[in-house]
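Peer 1: Given chain A, put chain B in place with the hints provided.
Respectively, the protein sequence lines represent chains A and B. So in our numbering, spot 71 of the first sequence is number 71, and the numbers just go up one at a time. So in our numbering, spot 134 of the second sequence is number 134, and the numbers just go up one at a time.
Hints were generated in silico from the structure; no laboratory data involved. Be a bit skeptical, because a hint or two may be false.
Just the calculated beta-carbon pair ranges, DEER-fashion [as the list claims (entries may be wrong)]: (1) A:Glu-62 / B:Tyr-19: 23 to 31 angstroms; (2) B:Glu-137 / A:Tyr-125: 31 to 39 angstroms; (3) A:Glu-131 / B:Asn-50: 22 to 30 angstroms; (4) B:Arg-91 / A:Glu-62: 24 to 32 angstroms; (5) B:Ile-117 / A:Ser-93: 18 to 26 angstroms; (6) B:Ser-47 / A:Glu-131: 44 to 52 angstroms.
A virtual CB, placed ideally from N, CA and C, is assigned to each residue, including glycine.
2 protein chains.
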Amino acid sequence: MSFKCEYCQIPGAYGNLIYDTDYWLIYLAPSQRYLGTCVVALKRQCSSLNELQSEEWSEFTEIVQNMEITLKKTFNPTLFNWSCFMNSAYRVSSPNPEVHWHFIPRYNKKVEFEGLIFEDPDFGYIPQPLEHKIPDEVMKKLMAEIKKNLR
Amino acid sequence: MSFKCEYCQIPGAYGNLIYDTDYWLIYLAPSQRYLGTCVVALKRQCSSLNELQSEEWSEFTEIVQNMEITLKKTFNPTLFNWSCFMNSAYRVSSPNPEVHWHFIPRYNKKVEFEGLIFEDPDFGYIPQPLEHKIPDEVMKKLMAEIKKNLR
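With the rest of the complex left out, here is chain A (with noise of 0.2 angstroms):
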């Protein structure tokens, strides 16, 4: 994992890891504009949807279900955006895009967590790659949080 995504925010890493499964990594994201911010990264090097194996996406369905139910126990957002982009591997002269999702939990309302007030000041419109960072503290917490409804 050797670039920079413009969600994920940090070279080299996708963020936390929350767990994984036979074929698929699901990270906290290091910025957490849209508070509960995941990836969801193959893990193997594989640079096109097209090329996913029927097993792998069999698997990447029951994550999708997985995060939701989760997230909504945690937060209750009112809605989730998916997206698998992989534009900013291409900002270089040789691309080694891997295959990532976003998962992005979007809110109608402000949710305080652990002292901090996250609202979503894009609500209705596409999410935005712009970094917000949270203390370390408060990112331990929030993934401890998200694994204690983890099915």
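Peer 2: Same frame as chain A, now just chain B:
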């Protein structure tokens, strides 16, 4: 289909139907800021991905493969962006979201089609929901070109 999607740009429809499958409708999007942009909409009313049935997912994965290969053959884009957002449905007080995917080919070069030059002014970055209409005659030829290359 009662709302105006921010990518699709027209109220009440997702564009011109290219083909359909048991569970999905594949449209050519009215806005062609990114040449070959399509919408893949679930036929039944369903408001979130976690409610998709396994046979609907399975068919969707075949469409991903089919559309990527078809567009590759037609205009040779550099990569493809996929997203399921449904944000604009939540701008009204009684949201009625409908599961639909945005399929957006992205280009690191200019493409000429029917005398028009298509550029990707946002290459390497998230696709912008900005309207770019093309003449009806060109839309018809674009439909025909994509259909010709469909498997």
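Peer 1: Look at each hint and say if it fits the structure.
Peer 2: Here is how each hint holds up against the structure:
1. A:Glu-62 / B:Tyr-19: 23 to 31 angstroms: Given about 28 angstroms between the Cβ atoms, the range holds.
2. B:Glu-137 / A:Tyr-125: 31 to 39 angstroms: Check passed, 32 angstroms falls within 31 to 39 angstroms.
3. A:Glu-131 / B:Asn-50: 22 to 30 angstroms: Because 28 angstroms falls inside the window, the suggested range holds.
4. B:Arg-91 / A:Glu-62: 24 to 32 angstroms: Because 31 angstroms falls inside the window, the suggested range holds.
5. B:Ile-117 / A:Ser-93: 18 to 26 angstroms: Taking Cβ atoms as reference, Ile-117 (chain B) and Ser-93 (chain A) lie about 24 angstroms apart, which means the hint holds.
6. B:Ser-47 / A:Glu-131: 44 to 52 angstroms: 30 angstroms, violated
In summary, the structure is inconsistent with hint 6 from the numbered list given earlier, while agreeing with all the others.
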